[in-house]
Amino acid sequence: MREVNVRKRVVIVEEIFHEGGPVAATPLRRAAALAVIHNPFSGRYAPEISGFMEDLKPLGLEMAKSLVAALGGNPKIVEGYGKGAIVGQAGELEHGALWHVPGGYAMREILGGANAIVPSTKKVGGPGTRLDVPVTHINASYVRSHFDAMEVGISDAPRADEILLALVMTTGPRIHARVGGLKASEIKGEDGLR
Amino acid sequence: MKSKIRKIITVVEETHTEMGQPVNPPTRRAAAAAVIENPFAGKFVQDLTELTEIGEELGALLTERAVAALGIPGPAAESYGKAAAVGENGELEHAAAILHPKLGTPVRKVLGRGAALIPSSKKRGGPGVSLDIPLGHKDAAFVRSHFDGMEIRVNDAPRANEILVAIAVTDSGRPFPRVGGLTKDQIKGEDGLR
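From first to last, the protein sequence lines are chains F and V. The first sequence begins at 192 in our numbering and counts up by one. The second sequence begins at 199 in our numbering and counts up by one.
In case anyone wonders, no lab produced these hints; they're calculated from the structure. Computed from a predicted model, the values in this text were never measured in an experiment. Among these hints, one or two may not hold up.
Unchecked claim - Restraint ranges, calculated between C-beta atoms of paired labels, are given here:
| no. | chain 1 | residue 1 | chain 2 | residue 2 | range |
| --- | --- | --- | --- | --- | --- |
| 1 | V | L290 | F | S346 | 22 to 32 Å |
| 2 | F | P249 | V | A274 | 27 to 37 Å |
| 3 | F | E283 | V | K241 | 47 to 57 Å |
| 4 | F | G317 | V | G323 | 32 to 42 Å |
| 5 | F | E253 | V | T381 | 30 to 40 Å |
| 6 | F | P213 | V | F242 | 28 to 38 Å |
We put the CB at the ideal spot given by N, CA and C, even for glycine.
All chains should be modelled from the sequences, with the hints used to inform the complete structure.
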């Protein structure tokens with residue numbers, strides 16, 4: 192059991208009213224919760240790292256809760272999600288992969304019954320590195336209107352021995368979605384895909 | 199509303215440790231930013247009144263958002279700052295028209311007081327440009343522990359005909375101020391400086 196040492200937390204909310212087209216009756220909201228943690232494996236090759244996934248679960252839950260709170264407190268309004276990580280330069284891409292299980296688990300736990308895989312991305316980078324966190328529908332990955340992304344980053348993170356962890360939730364389709372494909376109203380909900 | 203708002207963004211940052219030292223309670227800053235249409239993009243207009251009125255509107259709206267994001271009553275805020283980034287078809291003077299004549303009064307109304315000058319910065323730039331919002335104590339500009347800055351950026355703004363307008367509010371100074379100078383408990387509060 193390793194302690195998770197959090198240096199900084201950031202919550203970002205975007206409220207989008209239009210993008211040159213008609214002003215939406217309900218604005219689209221995207222929220223990101225970021226945590227900057229110390230990387231316990233930085234500066235060396237550690238063969239065994241997987242135990243840290245369990246240690247990250249409480250932080251993941253706190254971040255997922257803070258997202259729902261930032262979106263108004265009702266998990267039912269969340270329609271899209273995604274996750275990502277930026278590993279500081281003394282770490283390894285594989286350390287970012289530690290976030291897959293606790294990040295995904297946390298959002299499913301808070302949202303209840305989300306069927307779709309949580310799309311993700313990761314990279315190694317320095318302070319100020321930006322990450323485009325992919326977003327898809329929480330119940331059916333193929334819902335085309337909900338293919339989206341949110342760019343996140345923090346000017347002073349990640350330092351070399353840190354990892355920046357990110358969770359993203361959104362409340363609806365792209366603001367002027369109109370390229371066809373599977374609609375949210377057509378979800379069968381059997382396989383998390385359609 | 200005079201402002202044609204495309205998007206509103208709020209960001210909350212909490213610093214929990216710095217150089218391994220716990221920050222207790224964490225220092226917190228919030229920024230609220232609006233992406234608005236620049237009514238004077240692409241032309242030279244002598245009278246900038248419309249933008250000063252937009253500034254007055256945004257002063258209230260963004261300060262309320264920032265304070266709400268921190269979850270504190272307005273008067274509990276300790277420092278503040280403002281900034282604007284004008285898209286490439288606009289003029290630096292457009293940022294000045296929003297920020298300087300009328301934006302401050304509604305900011306101070308939300309925060310209860312605010313004897314000190316609101317520190318500001320402005321620039322012209324493209325989508326994703328970084329904006330460093332300077333921060334200073336709201337009642338006494340010389341409080342050295344509260345000289346600070348907060349970087350924000352919005353990946354898709356400002357577009358050429360837009361302006362990104364931001365207000366930052368904190369409930370604290372830097373995590374471990376130790377370079378001397380006036381401290382907040384020494385504020386006389388007569389002139390906005392000391």
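The hints, checked one at a time:
1. L290/V to S346/F: 22 to 32 Å: holds (23 Å)
2. P249/F to A274/V: 27 to 37 Å: holds (29 Å)
3. E283/F to K241/V: 47 to 57 Å: For K241/V against E283/F, whose Cβ atoms are near 53 Å apart, the range 47 to 57 Å holds.
4. G317/F to G323/V: 32 to 42 Å: violated (21 Å)
5. E253/F to T381/V: 30 to 40 Å: holds (33 Å)
6. P213/F to F242/V: 28 to 38 Å: holds (31 Å)
In this structure, only the earlier hint numbered 4 is contradicted, and the remaining ones agree with it.
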